[in-house]
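Relying on the hints, combine the two individually framed chains into one complex.
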Amino acid sequence: MFSVLTDNWPLFRDGFWLTIRLFVVSGVLSLVLGTLLGAFRVSPVPALRGFGTGYVNILRNTPLTLVFAFLFFGAAKMQLALPNPFWTAVGALTIYTSAFICEVVRSGVNTIAPGQSEAARAVGMSFFQVLTIVVLPQAFRAIIPPLMSVLIALLKNTTIAAGFSVAEAGAIPAAMSERGENQLLTLLWITIGFLILIVPLIFLQRWAERRTAVA
Amino acid sequence: MRMRTLVATVGVAALALTAAACGKDEPSAGGGNGGGASDSCGDLHKFTTASGVDVAGSPTFTKMKSAGKVTVGVKADQPNLGYKDADGKRCGFDIEVARMVSAGLGFDPDKIEYKEIPSANRETAIAGGEIDYYVGTYSITDKRKKQVSFAGPYFIAGQDLLVRKDDTSMDAGKTALKGKKVCSATGSTPIQRVKDEQLTEASNISEFKTYSECVSQLLDKKVDTVTTDDAILKGYAATAPDQLRVVGKPFSTEKYGIGLPLADKALRDKVNSILETSASDGTWKAIYGETLGKSGSDSTPPPLEKY
Numbered sequence: 001m002f003s004v005l006t007d008n009w010p011l012f013r014d015g016f017w018l019t020i021r022l023f024v025v026s027g028v029l030s031l032v033l034g035t036l037l038g039a040f041r042v043s044p045v046p047a048l049r050g051f052g053t054g055y056v057n058i059l060r061n062t063p064l065t066l067v068f069a070f071l072f073f074g075a076a077k078m079q080l081a082l083p084n085p086f087w088t089a090v091g092a093l094t095i096y097t098s099a100f101i102c103e104v105v106r107s108g109v110n111t112i113a114p115g116q117s118e119a120a121r122a123v124g125m126s127f128f129q130v131l132t133i134v135v136l137p138q139a140f141r142a143i144i145p146p147l148m149s150v151l152i153a154l155l156k157n158t159t160i161a162a163g164f165s166v167a168e169a170g171a172i173p174a175a176m177s178e179r180g181e182n183q184l185l186t187l188l189w190i191t192i193g194f195l196i197l198i199v200p201l202i203f204l205q206r207w208a209e210r211r212t213a214v215a
Numbered sequence: 216m217r218m219r220t221l222v223a224t225v226g227v228a229a230l231a232l233t234a235a236a237c238g239k240d241e242p243s244a245g246g247g248n249g250g251g252a253s254d255s256c257g258d259l260h261k262f263t264t265a266s267g268v269d270v271a272g273s274p275t276f277t278k279m280k281s282a283g284k285v286t287v288g289v290k291a292d293q294p295n296l297g298y299k300d301a302d303g304k305r306c307g308f309d310i311e312v313a314r315m316v317s318a319g320l321g322f323d324p325d326k327i328e329y330k331e332i333p334s335a336n337r338e339t340a341i342a343g344g345e346i347d348y349y350v351g352t353y354s355i356t357d358k359r360k361k362q363v364s365f366a367g368p369y370f371i372a373g374q375d376l377l378v379r380k381d382d383t384s385m386d387a388g389k390t391a392l393k394g395k396k397v398c399s400a401t402g403s404t405p406i407q408r409v410k411d412e413q414l415t416e417a418s419n420i421s422e423f424k425t426y427s428e429c430v431s432q433l434l435d436k437k438v439d440t441v442t443t444d445d446a447i448l449k450g451y452a453a454t455a456p457d458q459l460r461v462v463g464k465p466f467s468t469e470k471y472g473i474g475l476p477l478a479d480k481a482l483r484d485k486v487n488s489i490l491e492t493s494a495s496d497g498t499w500k501a502i503y504g505e506t507l508g509k510s511g512s513d514s515t516p517p518p519l520e521k522y
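These protein sequence lines are chains A and B, in that order. For the first sequence, position 189 (counting from the first letter as 1) is numbered 189 according to my numbering, and the numbering increases by one without interruption. Take any residue in the second sequence, note its place counting from 1, add 215, and you have its number in my numbering.
Honestly, the hints are just simulated from the structure, not real lab data. Worth double-checking, as some hints may not be accurate.
[Claimed, not checked] Take a look, some chain B residues computed to stay more than 12 Å from chain A by CB distance:
1. Asp254
2. Ser266
3. Ala387
4. Lys395
[What the hints assert, rightly or not] Here chain B is said to cover these stretches of chain A; the calculated rule only asks that three of the stretch's residues, wherever they fall, bring their Cβ under 8 Å from a Cβ of chain B:
5. 72 to 81
6. 162 to 170
We put the CB at the ideal spot given by N, CA and C, even for glycine.
Chain B on its own, in the form it takes in the complex (with noise of 0.2 Å):
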């Protein structure tokens, strides 16, 4: 009996390492479940804290002040956005704006509290005082707006296309999409949008989980294109640079939005000064080409849309 428990757990050891060992020779993003060396993040922008700040009528901050610290919604398993490596470091663009956002109101950026809030959640986190402020590929959106309020965007995204790098059969976007192998998230958006508008033919779809599986299919060619969010396919696409871009004619627009307290007014306007300040300073260009401009592709601040 002892022996084909033997048998047994050298077999699944043996199938688990044959999944591992294929997938280390890729640069990154390759591994079903996403992760290897490479995937641990670098070192993170240097913000100067502002000093002696204080948003007069805004609720929110009395609290961060009182509390000594901020904390701060993001999102986990995206490269180079919101990511959070192997030894609990987190880094990303999402995650650097988050930090300057910090530093700005007066809080040392290595005092964050993240908190990783799913995307169904993030309403319920903010109305309820869970977290302060939320940054990870928040659309902004007029149903939202009614239960939270935003500052920004901070970054326009599109969907757009994520192809490997010799591959130039789909540089006309969205049109070149017919006969071509496409993958995304389950249920998502952007899958949605391809079924609705018929881009391509049905048995050509494929869903996976998370977007770090249809990357691994993309480099597998099992798939010739992973769509959503150029934001996500970038901080993708940096990941391993020499193998996958970003088409770059995105065909939707998501305003990412800072989510904050919906009553809180003061708190906005101030969220809202300080990434004017970073626009017109060079912060921003900074902390992009440290992260999303790493996939080769430009971008620069969004007009602020103050309300």
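Isolated chain A, as found in the complex (with noise of 0.2 Å):
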């Protein structure tokens, strides 16, 4: 069991390690899009809330393997120059999790009673001002849960680009399978692999929800 790690342990390292990139890339990148995405759903702009709407609307409805095959295929049919596969897949996965992020965002706003924001604005603060200082920090706490969901769905959601030249962990299989190696160990590895990844994530959402916790 342990020699189809040890044998092709190149394999494994290089594709985890793009995985892990490509998640931290993507998400961080998700994070700032999404939020402010979040921000316009809930702006005084009617033209930034439509925008709002539109994006979460087409995009969190459009499959992903679909968001990459338009990035890859779609946009090379319409000669438009696209970076290196990496930061293509990076674009195809921020533009899909952000739909998501803007959504999980939204709902963290929707908790904060609307006395609130009307007492802010009462004493003379900005919409900007209202919603960095007082809305935004409280609606983080309300979401940290379903955020670290989607940031796992995103980390998972990276295999979708070993399809698309990005040979990160969902890549593995096809080659071991050329390789004559034992397909069930595989994916075995692959899904402990995984797991050691999502560790982390779940100790950042409980020191994440320890830290606002109200007391």
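This is how it looks when you write it as structure tokens:
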């Protein structure tokens, strides 16, 4: 059982390292873009609200594979120059995940009693101040568990990139099958690899929940 | 709420349509998932079904006789090799070989029951009796000979390069790959060879799930070449002979055989004699010309390896 892993160690190591990079980069970008979109959706400007709504409803309902296929093949047909496969994959994952993060952020914002922002506005805060000083910090406390679920989904979604020239962990089975290795053991090791990657996320969630807990 | 759903649906449909419409003016092979109207299968070769055939001592043949049909394992996603079109019709060189063997065994080729068996499951399907024989870019290797037996080879393939028709910069073969963008199927043996022999820089390697996606990238000039067995490449070149061609400098040897149950030597000898006849009476040349030969590259029947 261990020989499957040790004999092909570089394949597993490189694959998972790429998975981690893909996850961290698109995770950070998704959080930024998703929060921004969430702010759009609760903003007083109708155009921004409309944009946020359209974005979420299109991207959240499009299968991720289609987003990838569109960027890799559709864009090529339209003569659009895209960066290398890694950054194109980061783009696809970010565009897709942001829609989910946006909704999570918006649901968090909805947990804040309207009286709070009314009071903040009454003391002369601008919309931006209300959002960043009063609403979002409280909202993030409420959304830690669902946010972590979206991030864990993102981690697993990175495997889709394997079909699009990004040889991360999801590409390992194909190479192992050609080498004539046991497929079941290969999948078992990949599962273990993903479980190991998810553990830090679980601890991060616990830590964040404790830190933001209200006594 | 209803309005939002509508907007979303229209958006998704528009995305899908754009992708489809853009692929339309490619003669074929284009489109990420391969498949336009021109990829449909035409007429198949006409074989004369042999009569009064008996293969003494072959359990597989006895099984075919009592079932009144042959069950053949094939592939379905390789144009002009082992292909199933949108209407469910099958065609290609491997399909013709399968039909030829069936006719030689005395079964009308129209009565074949096809089963799509992925590469990884071939040995199990043959050993378990799920199929009677397998024709689908099945390389004869010593490792596999321990689990199944092989008639043939009926084709000798080799790793080669598919390029855009007007691009002559890689005509020297694998030595000309340095600095070129190379595409192949994720994790496949050909792309592992490119990496192991460092034929091009790591940053120039693209891997997609299917060869069709690589061919699409080649037509869109995102990559310079697609590499795998020349039989597969010729199949794609034959779908767009005005835009694509195979370089023709193979740098590996893959002998394609017909996979048969391990112990059935009688059937193996019979299939070998069917292949031998097809080589001498011109049938092999004819079916090659109707399928892979449309790519513009020539080929001859290889010598059989009887064991």
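Here's how the hints hold up against the structure:
1. Chain A leaves Asp254(B) outside its interface by the beta-carbon criterion, the shortest separation being 17 Å against a cut-off of 12 Å.
2. For Ser266(B), the shortest C-beta to C-beta distance to chain A comes to about 42 Å, beyond the 12 Å cut-off, and the non-interface label holds.
3. Remark: the non-interface label on Ala387(B) is consistent with the geometry, its nearest Cβ contact in chain A lying 25 Å away (cut-off 12 Å).
4. Annotated as non-interface, Lys395(B) keeps its C-beta farther than 12 Å from every C-beta of chain A; the closest such distance is 15 Å.
5. Counting residues of the region 72 to 81 of chain A whose beta carbon lies closer than 8 Å to any beta carbon of chain B gives 6, which meets the minimum of three for the stated coverage.
6. With a cut-off of 8 Å between beta carbons, the region 162 to 170 of chain A has 5 residues touching chain B; three or more are needed, and the interface restraint holds.
Of the numbered hints stated above, none is contradicted by the structure.
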